[in-house]
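Undergrad: Let the hints inform the model, and build the full structure from the sequences given.
Protein chains in written order, with my numbering: chain A, 144 to 381; chain B, 144 to 381; chain C, 144 to 381; chain D, 144 to 381; chain E, 144 to 381; chain F, 144 to 381.
The set of hints was computed from the structure by calculation and includes no laboratory data.
C-beta: ideal position from N, C-alpha, C; glycine also.
Check the hints yourself; a few may be wrong.
In silico BS3-like cross-links for lysine-lysine, where the CA-CA straight-line distance does not exceed 25 Å [unchecked claim]: (1) Lys181/F to Lys182/B; (2) Lys374/D to Lys182/E; (3) Lys374/D to Lys202/D; (4) Lys181/A to Lys145/C; (5) Lys202/E to Lys181/D; (6) Lys294/C to Lys162/C; (7) Lys162/E to Lys169/F; (8) Lys182/D to Lys181/E; (9) Lys206/A to Lys145/C; (10) Lys169/D to Lys162/C; (11) Lys202/F to Lys181/B; (12) Lys202/D to Lys181/E; (13) Lys182/D to Lys374/E; (14) Lys169/A to Lys162/B; (15) Lys374/A to Lys340/B; (16) Lys169/F to Lys374/B; (17) Lys182/E to Lys182/D; (18) Lys182/A to Lys206/C; (19) Lys169/C to Lys145/D; (20) Lys169/D to Lys145/C; (21) Lys202/B to Lys181/F; (22) Lys182/B to Lys374/F; (23) Lys145/B to Lys169/A; (24) Lys206/B to Lys182/F; (25) Lys374/C to Lys338/D; (26) Lys169/F to Lys182/B; (27) Lys145/A to Lys169/B; (28) Lys374/A to Lys206/B; (29) Lys182/B to Lys182/F; (30) Lys182/A to Lys162/C; (31) Lys202/A to Lys202/C; (32) Lys181/A to Lys182/C.
Here's a subset of chain A near chain B, in silico, CB distances under 10 Å, partners left out [unchecked claim]: (33) Val168; (34) Met245; (35) Ala246; (36) Tyr274; (37) Thr355; (38) Arg362.
There are 6 protein chains.
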Amino acid sequence: MKIKIIVPLATDEYNAGVKEEVDTVKAPDCTISIENLKKGPQSIEGRYDEFMAGPDIVKIACKAQDQGFDGIVIDCFGEPLVPVVRELVDIPVIGGFAGALMAASMICQKFSIINVLDRVVAMNRTLVRDYGMAENIASMPVIGMPVNRLKEKKKLTERLVAVSLEAIETHGAQAIVLGCTGMLDVARGVARILKEKGKPAPVIDPTTTAVTMLQSLIRNGLSQSRLTYFKSEEQKAL
Amino acid sequence: MKIKIIVPLATDEYNAGVKEEVDTVKAPDCTISIENLKKGPQSIEGRYDEFMAGPDIVKIACKAQDQGFDGIVIDCFGEPLVPVVRELVDIPVIGGFAGALMAASMICQKFSIINVLDRVVAMNRTLVRDYGMAENIASMPVIGMPVNRLKEKKKLTERLVAVSLEAIETHGAQAIVLGCTGMLDVARGVARILKEKGKPAPVIDPTTTAVTMLQSLIRNGLSQSRLTYFKSEEQKAL
Amino acid sequence: MKIKIIVPLATDEYNAGVKEEVDTVKAPDCTISIENLKKGPQSIEGRYDEFMAGPDIVKIACKAQDQGFDGIVIDCFGEPLVPVVRELVDIPVIGGFAGALMAASMICQKFSIINVLDRVVAMNRTLVRDYGMAENIASMPVIGMPVNRLKEKKKLTERLVAVSLEAIETHGAQAIVLGCTGMLDVARGVARILKEKGKPAPVIDPTTTAVTMLQSLIRNGLSQSRLTYFKSEEQKAL
Amino acid sequence: MKIKIIVPLATDEYNAGVKEEVDTVKAPDCTISIENLKKGPQSIEGRYDEFMAGPDIVKIACKAQDQGFDGIVIDCFGEPLVPVVRELVDIPVIGGFAGALMAASMICQKFSIINVLDRVVAMNRTLVRDYGMAENIASMPVIGMPVNRLKEKKKLTERLVAVSLEAIETHGAQAIVLGCTGMLDVARGVARILKEKGKPAPVIDPTTTAVTMLQSLIRNGLSQSRLTYFKSEEQKAL
Amino acid sequence: MKIKIIVPLATDEYNAGVKEEVDTVKAPDCTISIENLKKGPQSIEGRYDEFMAGPDIVKIACKAQDQGFDGIVIDCFGEPLVPVVRELVDIPVIGGFAGALMAASMICQKFSIINVLDRVVAMNRTLVRDYGMAENIASMPVIGMPVNRLKEKKKLTERLVAVSLEAIETHGAQAIVLGCTGMLDVARGVARILKEKGKPAPVIDPTTTAVTMLQSLIRNGLSQSRLTYFKSEEQKAL
Amino acid sequence: MKIKIIVPLATDEYNAGVKEEVDTVKAPDCTISIENLKKGPQSIEGRYDEFMAGPDIVKIACKAQDQGFDGIVIDCFGEPLVPVVRELVDIPVIGGFAGALMAASMICQKFSIINVLDRVVAMNRTLVRDYGMAENIASMPVIGMPVNRLKEKKKLTERLVAVSLEAIETHGAQAIVLGCTGMLDVARGVARILKEKGKPAPVIDPTTTAVTMLQSLIRNGLSQSRLTYFKSEEQKAL
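TA: Structure (structure tokens):
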């Protein structure tokens, strides 16, 4: 199976890291192609950023279907344009949010989503509500690091551990969802430290779970419901 | 990766069908071993049936971990003993319910679970509530066929189509979850007929989604949270 | 106070009707300017239609703030681009959904939203969930008329009455929200007929309630929370 | 339009303050008449206080309809007797709670209601539940000042700011609803201080939002649903 | 233990029936005194009826405490004045709603409340929401008989059976709560007929469950929480 | 009436304490027989412990029905095997959870459940969700004492008071439910201390409320619904 990962930013600086991350989870019969935008934001930390990323996401997604890809990951926790693209293509489309949330809901009862900045919390809660998952959220704390500083892995890990411990001890979190696909290559390290500290919470990486969940949908022959995401003649005219 | 599927019944009559079904979705690097109970019920249509299946499920599950399996599917929609086994083994354990529900929640907004008999509806609703998914359930209708007659594929398909159409038209279902792992080899057929009738709802097979969701967890190195399912010294003494 | 109403369609055919409708509710100290898009869809019946309407909505909204308007109505029940525009401007922005829902919630306990077509139901439910209002929704039935036929007032009224009666009698609706801003000039007529038929449900027009709710926000000096809709330096660079 | 504001206390000491407050938001075509009770409590801080205020509220409300008023505000956050009066009169009736909550829900996702004393928290939560708004409440903290000391504006402002900051930082509030109509003339001041402190939450005054929301209902020709608040022959016999 | 049952109507015509009913469930160490109002409504079918019953309910309740009663039942499903009386007396106070709902929730998962008339449905739903029980309600259908005709036992039974069957078959009810304390002496008969018809739903009588639940509270030394229903000095001045 | 209390542990060390406790609440016409397991766990602090207690619970329960008991209490907050036994016997069966939760919901709006150890919190939340009571839970804190140390009454009381005060002051609890039936003979003491400290929360003992709630069901002729807990021919073959 062929999967297209769209990095919804006008920069290729994350591509290598994403490739490394997803290579750890892809099935032997799966090939993955990563593509970033030509035009768009440098990071997504607001709804207007998502808006600016829109046109290129739509173009790459439609092209991916024409090129025979079997599924698309829009690699951002906020799932920009996922509902729009789902109307336009027949192959399954998934963002960074749903796979992580569903994985968490399969292995625990309540979990926390760790956000980069205060400014994305309400956006992520809109997704929580839209997916009907509010009951399972323990809390939505913030590490206070913008996306462009997430490459500071040591500081990122420290902040994630600190905020996760508080979520576990104070809010009742039983697992941790990393609330940004830019938090690459840290999930297993954070999980190990939490376990050493006596709080063995699974830590869920939204990039890798998006890929494996998409693989799961593809193997089952499933795609977005046309009773949720209708298709129209006009929409084919893009 | 090696997956153990436990058919929680004291009969091997379903094993071949399950094998055929899961072979359609297993990844190339995945081997699957199917095992039924020595002692237990012929079908699971009540909580007492689950109770009677308990001891052998626990035995097979613990043995599977010792034998080096990477994950376990307890192949029944009602997920009998899943919480107990999750306390006993470290490898991920999944039943038929969670995978199907999470798959459905990723591709639509509201869906119906089709039950075999009235007597299992409350049991399945307990799972809906425990997983925090009540918001996404359109309805939980019943086809009125006991498990031991589900091999009548033609009648099963007819009943599923009829009940699904009503769920879509009257209850607002946008996808259909087959609420029994004994409904083998019908999901794609039902989906095709629904599409032909102008109601293109995805139809989700709980057996195959359980397997692919478990593959997804294994690839991510995820297992049940020890903050939800604690382990104790005594429990090792089984 | 000066209000800008953006009709998010690339046609001026609705402007006169909207003007007539909102003139019935505007306060003496309120002037209203109606503007449609230069480029965009002819009607909004899907997420891709909203996407296509995006750029012009953003432009008109930002310009409106520069021109000294005190508030903006994006005149569509689906509230396209409302979250994006709320990040960009400081004046209050409201779509067709929120005002109608809040008005309904003030005067009854449970109400139905009447949709034009099946294809918009899931979109409108996303709004229901995002606004945290699911508890108050009796049902979300459909009249089966596309937006471009809503000018057939007689048929529209008949369909609305029929569907409303079913919502009241079968789903427990106590009020009716018209789920499309294109259902102009029919709310009071439908309400009168329902009353004559012994089912005196208030009928809520999303266009007029959007205007009066915006007037209400402006008089109170209220606008979108910057803790929900953050503003950033980059965003000013439009 | 003519609006009657009933101050549900047996004292005229709040009337001037209320008048001053509502004059800031009333439309040019709106005249407002304020009337307090002859007999009743000095403040409302319990359900028995509401009970004691009942007879005079009912009398004034019925008289107001006879005198040609277009709508009634029962000016207390707890909305005493609002459901009863809604059965008795045809003109729209609103209390202090609904308008504030609906305004908050239009401009943010989650907000806190600031209560005067512990003793009113459960009463206000009953309203939260009855209006189906529990999902949107971040918290319901308390300033610890009885109604008769709310005239100490400096202390009131200090307490509101302190409690609001905690609600924003700890509970995730994105807006603040003042949970007592006696908190007059402080909303804008508190909002200004919160903004200076980097937490720009809108602060919602229940008195002024009640008036503008009532204006909104009146302009739309809306009143309480007779399917929620039925009228009976006997009830006319008051 | 001594229990006071207040029949909140200005008639003694129900007293004998209530006595007969509660005698079937009272413990050997329990004496029950039934008292109706001197002044008030003939039946309670609206919020204004409840208002009119208020003063006498409060008087009888306070007197009952002075006379050494151990607990009070306000014998109406709508629980008129229960919150007010709970502020005034220290002995436990219960209405017809809570006991029935809690009994139902202990023996099934979802149940329907059968209402007398459309006009009380919203009132009863306010109680459902206030007690946080919405999740367990299958439906709230109506038999269309006013309180003063409930003495027609044969017709009442027929209507209850018909509506209950629909609730079970269509709405998923697993038990039936009689939504009016005037539906005396029919619960067991309706349950027997439902069982004969293959739908063995328990049928819950709000009068008898109120009495046994109050007995239960008294034996445990429990009364209404003073953190929900605060008491004040002024309130003692009645 | 005759009630069987099953202490689901393979020890008789709790029997005397349970007897003393329930004797304070049993009605004069009620005789109670207490019986522990022959084979099973020493304490229940996990799902596997419940599994190990299963066979003997089922045996004792079925025997109890044959011996003419009128109802069964499975005396553990976690309600082990309650759903299974409800399928097997016709007399009402109740665990420690439901009675306590329903009592709390009748006398306050929000309450906390105090747990023994972190490891049981998720198990108890499963019950909260299954009974549809999540809305009423203020928090689920932990005292950090295993079951086998609960006989240290002084320490237990201190921990309960400390945790209850935090639940009241920080989480908004208005009543306290003791979340383990092993917390014997402390409820009234804790309640008295909380009252002395100005936080008069009722404290609910799950053992005594289970008994009085079962008495309540028996007096009303109510038992578990056969539409929730179906019975089958095979099940009689135990």
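Undergrad: Which earlier hints turn out false for this structure, listed by number in ascending order?
TA: 4, 9, 16, 26, 28 and 30
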